[in-house]
Amino acid sequence: MKKFLFWFLAVVITLASAVYQRMTGPTHPLTVKSEVEGVEIKFRLPRSAETSGDAEIAFAAPEPLGGHIEYKRFKTDDPWTQVELERRGEQLAASLPKQPSAGKLAYRVFLGGGWAPEAVTGPEPIVMRFKDPVPTGLIIVHVIVIFGAMLCSTAAGLAALGKKRDPRRLVLWAVGLLFVGGFILGPLVQKAAFGVYWSGFPFGGDLTDNKTAVAFLFWIAALIAGRKGRPARAWVVTAAVVTLVIFLIPHSLLGSEFDYSQVPDPGRPAP
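According to the numbering used here, the sequence shown is numbered sequentially starting from 1.
Take these hints with a grain of salt, some might be off.
[Unchecked claim] Result set (DSS-like, lysine-lysine): computed pairs, CA atoms no more than 25 angstroms apart in a straight line:
{"hint": "1", "residue 1": "K72", "residue 2": "K33"}
{"hint": "2", "residue 1": "K163", "residue 2": "K2"}
{"hint": "3", "residue 1": "K228", "residue 2": "K163"}
{"hint": "4", "residue 1": "K191", "residue 2": "K98"}
{"hint": "5", "residue 1": "K98", "residue 2": "K72"}
{"hint": "6", "residue 1": "K191", "residue 2": "K75"}
[Unchecked claim] If you anchor each label on the Cβ, the simulated ranges turn out as follows:
{"hint": "7", "residue 1": "A93", "residue 2": "R169", "range": "50 to 56 angstroms"}
{"hint": "8", "residue 1": "Y20", "residue 2": "Q91", "range": "28 to 34 angstroms"}
{"hint": "9", "residue 1": "K164", "residue 2": "E56", "range": "50 to 56 angstroms"}
{"hint": "10", "residue 1": "A58", "residue 2": "P133", "range": "17 to 23 angstroms"}
{"hint": "11", "residue 1": "E124", "residue 2": "L161", "range": "38 to 44 angstroms"}
{"hint": "12", "residue 1": "G89", "residue 2": "G122", "range": "24 to 30 angstroms"}
{"hint": "13", "residue 1": "E37", "residue 2": "E84", "range": "15 to 21 angstroms"}
Simulated from the structure, these hints should not be mistaken for laboratory data. Virtual Cβ for every residue (Gly too), placed ideally from N, Cα, C.
Sequences and hints are given; from them, build the entire structure.
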């Protein structure tokens, strides 16, 4: 395989996996498609918000459609709270109260054109998670380094499939970038967003942290197997495949979650 084709294939595989991971993540905006009293509607609803202010819900909906949103704190016995959607030109909008970092709200959107509004978001509510603002520069550097780690991982795996390329240098790059992106920059991002550096094993069940640790362990094994000039092709291919599968798991799945059990329902009077 020629050098251009080799890197082109590595970039395509990496980009495809990154896009898939992002699009299937639980914080990616949810697309809603429905028909309300003969009117077809399609819009996107947020599943992530910042603690700097209330969460704005706004979407295009032609007149005479109107309705309301029902929400409650996620995984609680709170009653549903209703807030009316306000007409703003071609859009309907409402605000949901901000929550603590890693706090979540479950919400449902009801629309109608004069009759009883119906839930257009389906039988299950949408879950929105709140996070503290993260410096843009930190996010950009983290994404670039993690993308570089995924690219080197994929390239090392492709190199190990044949006998003309030595994957050892790419293995070193994959290990180094994965360490920096997953164990230095990643915890800094998580600390800024949710107040903790690490919430994976043994401190919690954060899937993003845990899958990073698993991928890193496989690459360490491939690195050790490649000592004394051995290409260790089987180890490298295994590590690359495991990393690809792991990074196909949606980002933020089973992520940090605020415990509301010790926080009273703000809608209920104190005893």
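task = Would you pick out the hints that fail for this structure and give their numbers low to high?
result = none
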